[in-house]
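Student: Spelled out, the chains give:
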Amino acid sequence: MLRAQGKAVHQCDSGWVPVFVDQEQSISLMSVGFLLENPDEAVVWRGPKKSALIKQFVSDVAWGELDYLVVDTPPGTSDEHMATVEALRPYRPLGALMVTTPQAVSVGDVRRELTFCRKTGLQVMGVVENMSGFACPHCAACTNIFSRGGGEELARRAGVPFLGSVPLDPELSRSLEEGRDFIQEFPKSPAFSALTSIAREILNATPALLS
Amino acid sequence: MEEVPHDCPGADSTQAGRGPSCQGCPNQRLCASGAGAAPDPAIEEIKEKMKTVKHKILILSGKGGVGKSTFSAHLAHGLAEDENTQVALLDIDICGPSIPKIMGLEGEQVHQSGSGWSPVYVEDNLGVMSVGFLLSSPDDAVIWRGPKKNGMIKQFLRDVDWGDVDYLLVDTPPGTSDEHLSVVQYLAAARIDGAVIVTTPQEVSLQDVRKEINFCHKVALPVIGVVENMSGFVCPRCKKESQIFPPTTGGAEGMCQDLKVPLLGKVPLDPHIGESCDKGQSFFVEAPNSPATLAYRSIIQKIQEFCTPRQPKEDLVSS
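Going down the list, the sequences are from chains A and B. Residue numbers for the first sequence follow the working numbering, beginning at 1 and rising by one. Residue numbers for the second sequence follow the working numbering, beginning at 212 and rising by one.
Take the hints with a grain of salt, since some may be wrong.
[As the list claims (entries may be wrong)] Derived CB-CB ranges, DEER-like:
#, chain 1, residue 1, chain 2, residue 2, range
1, B, LYS429, A, ALA205, 53 to 59 angstroms
2, B, GLN468, A, GLN123, 33 to 39 angstroms
3, B, GLY318, A, LEU203, 40 to 46 angstroms
4, B, LYS490, A, HIS138, 49 to 55 angstroms
5, A, ILE183, B, TYR332, 49 to 55 angstroms
[To be verified] Straight line, CA to CA, 30 angstroms or less: simulated DSBU-like cross-link-like pairs of lysine-lysine:
#, chain 1, residue 1, chain 2, residue 2
6, B, LYS451, A, LYS49
7, B, LYS451, B, LYS262
8, B, LYS265, B, LYS359
9, A, LYS119, B, LYS260
10, B, LYS490, B, LYS429
11, B, LYS450, A, LYS119
12, B, LYS260, A, LYS55
13, B, LYS471, A, LYS7
14, A, LYS188, B, LYS265
15, B, LYS258, B, LYS513
16, B, LYS359, A, LYS49
17, A, LYS49, B, LYS429
18, A, LYS119, A, LYS49
19, B, LYS260, B, LYS365
20, B, LYS429, A, LYS7
21, A, LYS55, B, LYS471
22, B, LYS258, B, LYS359
23, B, LYS513, B, LYS260
24, A, LYS55, B, LYS365
25, A, LYS188, B, LYS260
26, B, LYS359, B, LYS513
27, B, LYS365, B, LYS258
FYI, nobody ran anything at the bench for these hints, they're computed from the structure. Keep in mind the model is a prediction, meaning the values are calculated, not measured. Quick reminder that beta carbons are idealized off the backbone N, C-alpha and C, glycines included.
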């Protein structure tokens, strides 16, 4: 999604060198994807091996000076999630961002994810409601394909901040697929303004979360 | 099992308990005794249990959020429309058990009988089992590592009194990890008919489907075919179609042609599907003539044909 497919990871004295995805070198990336010889190869690992790699990603990668380390996790509350929390605990993580789609079936799973955060002492920064509504490009009629409002309601009930809703936008998906910079090319997209607003909320909330 | 060392050779490896990284591991003695390498007796027990189950189908996806559980639930509904077909739906997504909600069974609990755990029945001929039925609150989180999840899956296969079943459908979490390995291993002696893989049209999903197909080949699991979900959206107002998840690299159709696996069908986006799932009702009942329902029915028929191929004409003539 970040146009870094096929890149290789190199070693330096202080560990693995993460892959920079932009010219300005403001975003670096580490993923098991870089360690596979063949992109179609399945990573058929049980829990302990996955946990071990995650610990290495935190302690053995030469991240350098970072303002934010963002960790993308698979769905669930299992080995990967426990390993991430344990590996990051000494570094006092800011917290967790919950992403849900609006319908009750998704919200049902995110409720359990909130419990995971509570039990592992991970602060919840807020909830994002993704795929929230679709504006037809032909007639501008809005259809709530995956329902609406479930994420906002969840945040309210759980007493955590609601950071915003991101609508469905085919251009976002297409940009990610074709390796184009969505933010450069579609600044007028409602998805762009939603994403920017959420990022701003996180930046604004950071000092309070750090203290 | 407790924490394992970084270079753990694996409990079933020949180096188990003997490798250099095993020193100091709390499980070292257990592994060195060879306990990890012996075949699990549960495999034979499950084989016996599965004698009353005619067809076993796994529903897989590489990626989360592609509509796998929605598909599994509606495959179950579709098969069970024939009241003479006995269907069982097993949800092995231990951390995210959505099936109870989608089937309208939220809040139900599992009962024990002399012959084991009883599935929860939606209809007389449609029984469901999920870890969701073992949790007392919708907020309960199942924070388990791999080995404990594997134990639960073993119990589901060995201790549930499924009875005589025509189709056992197994809904899985996304990926290729503990749950997938375990269900394939525990059913190894009982023969799985095959796997249905659910995807959405975009390349980031297809990338993971290729890995999933790779996994199926690695574990000798036949691929029944691929379902492309969320394939196009027709605006209810102007009736024009949009590709919300654009098939930038040819979608599932292109991928299936390249990898020579069957494309079972494409299901369009329909807001009524999500609504029905949230209400715990069958979408087929809510919208019997919608394009999505028709797509599902065609896919279900192909799956049935895979599992129960028709007799060749020559046999019919001679009998």
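Student: Can you list which hints this structure breaks, lowest number first?
Tutor: 1, 2, 4, 6, 7, 9, 10, 11, 12, 14, 21, 25 and 26
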